[in-house]
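The listed protein sequences derive, respectively, from chains P and U.
Take any residue in the first sequence, note its place counting from 1, add 5, and you have its number in this note's numbering.
Take any residue in the second sequence, note its place counting from 1, add 5, and you have its number in this note's numbering.
Hints are supplied without guarantee of correctness; some may be wrong.
Put simply, identical chains are the same to the list, so a pair is met inside one copy or across any two.
Each computed DSS-like pair below joins lysine-lysine, with the alpha-carbon atoms no more than 27 Å apart [unchecked claim]:
#1 K349 - K291
#2 K24 - K69
#3 K344 - K291
#4 K312 - K337
#5 K134 - K49
Hints were generated in silico from the structure; no laboratory data involved.
Since the model is a prediction, treat every value here as computed from it, not as a measurement.
Number of protein chains: 2
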Amino acid sequence: MKTTAVIMAGGRGERFWPKSRNSCPKQFLSLTSDGETMIQKTVKRLMPLVDIEDVYVVTNAAYKDLVLDQLNDIPEENILAEPCARNTAPCIAFAAAVISRKYDDATMLVLPSDHLIGYEDIYVNTLKKAIGVAQEGKNLVTIGITPTYPETGYGYINFGQESGAAYEVKRFVEKPDLPTAKEYLSSGKYLWNSGMFVWKVSSVMADLREFMPDIYEGALRIGEAFGTPGFTETLVKEFTAFRSESIDFGIMEKASDIFTIPGSFGWDDVGSWLAVERINETDDDKNYTEGDVITVDSKRTTICGGKRLVAAIGTRDIIIVDTDDVLLVCSKNNTQDVKKVIAKLKEEGRSELV
Amino acid sequence: MKTTAVIMAGGRGERFWPKSRNSCPKQFLSLTSDGETMIQKTVKRLMPLVDIEDVYVVTNAAYKDLVLDQLNDIPEENILAEPCARNTAPCIAFAAAVISRKYDDATMLVLPSDHLIGYEDIYVNTLKKAIGVAQEGKNLVTIGITPTYPETGYGYINFGQESGAAYEVKRFVEKPDLPTAKEYLSSGKYLWNSGMFVWKVSSVMADLREFMPDIYEGALRIGEAFGTPGFTETLVKEFTAFRSESIDFGIMEKASDIFTIPGSFGWDDVGSWLAVERINETDDDKNYTEGDVITVDSKRTTICGGKRLVAAIGTRDIIIVDTDDVLLVCSKNNTQDVKKVIAKLKEEGRSELV
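One chain only, chain P, in its complex shape (with noise of 0.2 Å):
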């Protein structure tokens, strides 16, 4: 059986503002020295799994150019361009919809597109074993990640028995608090809900049609017009239709025969400005400084230079970023409040800088 890849990049970014933007988000940003972006590091370690025509895009409309800049071995057609958000569910039925129309039935491996993987071998045996499991029936498989700390921003998957290479899911839990992550985390029976799934179409199709019927009907008819010159007419008709839905409350929660492979593969969502110090090689006095900085006595210092000299005295848990337009000074202890200054500017209708 096939095996595709549908890359999410449909998402904003927001919290690696100001260098991720509207018209920029994240996932086309290279947060690391080498330069590549993350959608492109998404799809290089893809490379001994998924054959290049194999692999899908999904993004906002306003996005495709940026993929076809940055992803210019994809067949165009395989970017798939949505023309509103409307969170992980109605995403990837629209993805399953085209894949059956090019294929009877394949596996189909769904994976954000900003995420970033330390040891890419291990990534891929564990996706491998994901798609033997996968294959075998019914069952929907989601890759989790062994906890190292009482983290309260993702949410947990809570695993039962083994089963061959895999582990049967009794429920996912959202984003706990403190206390409740302390007692996953010591429980043993709790992995990071990691947002990488991996399934048949055939799979997925028939858990849409029983807990989502109306994403799963339109998704068909969107299914139905790829490649016909109506497609662009149903697929803004449909989709904008479709209500706002994840998939992991619109089915992971909902279906049975689910499993999950404990993934520790050196894993980062890189949710915010505190992962580029995790990501990046620091000095001595755990700085990371990119561009033209000097550092006089700080310690403990992310420093993302633009154009500018960037001259840091003293400083101490704090992350500079410094663009063209704006320039974001924010302590480590407040890298969510990024999303509170972008509210802001939109407030104020200055949407120019977000």
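Assemble the complex: chain P is given as a structure, and chain U must be docked to it using the hints.
Same frame as chain P, now just chain U:
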């Protein structure tokens, strides 16, 4: 007797980098919201005491145009352009010699160009008293500032007996360490040396002759050439030959008949970026911001914005200064280390940023 004023405006203001540059030092910047530059304020507050044609500005030749531009009421010949920096003794000798050419004798106020005064009426009255004391005899009068905390960055004046409107000076002392500064403060017998002096030209010339005869002779030759075609040649020859010396070390610490008048007029030497929050209004969280700035949960943060948006999130006790080609982010504990950055830039030959 005529009252003249000599404004010393040759400093580099390194501690206000990156706003203060070789090409435009601190005294030519506005650090207050009214937009007036430091030197403009210095001259303006003297107007109740001195005619504008009796105001002299001693500055580096490189800044002559800046002075002309910012102080366009001052006669051009009153701008005394030093060909090189030689500290305050040669600067004052130069001005005294020039004033000697115009008036047989005159009272001479010697004032820094880059300090701020909160209570200008009290300041003017204090200087009036000082003028009176200076005219009584061969007196050198210095304005001492009543200390409010044990500052280790200033020289101190140890005073003794009251004598009319002033106090006899027992000695000048260099910048103390903290325990010594605390002793000075608790003794009630020490004032901060503000670098403001009042004397008759004849008095300071007599002391120059006694304690710095080489500089006295050179200054006399400069004074004789003033207003003649050979002036610039003489000035360059004599001035470059001067050794670098402060008036404190060269005269004040050696001469007798020295008096101090305690000043309580809201003096601020604007000695580092820390001054900005002192001399301007701050918000409820003790932030000072100027320019296009958004703060979220920031406290005690000083932000001097430039042309771009500055977003500060969760910052504490930090100073952010944005200019076209340099961004400074500096802990309030490290404001003196700005000089280290300048030293590094000089070392690297990056003079355009200094």
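Output the indices of the hints that this structure fails to meet, ascending.
Checked against the structure, no hint fails, so every one of them is satisfied.
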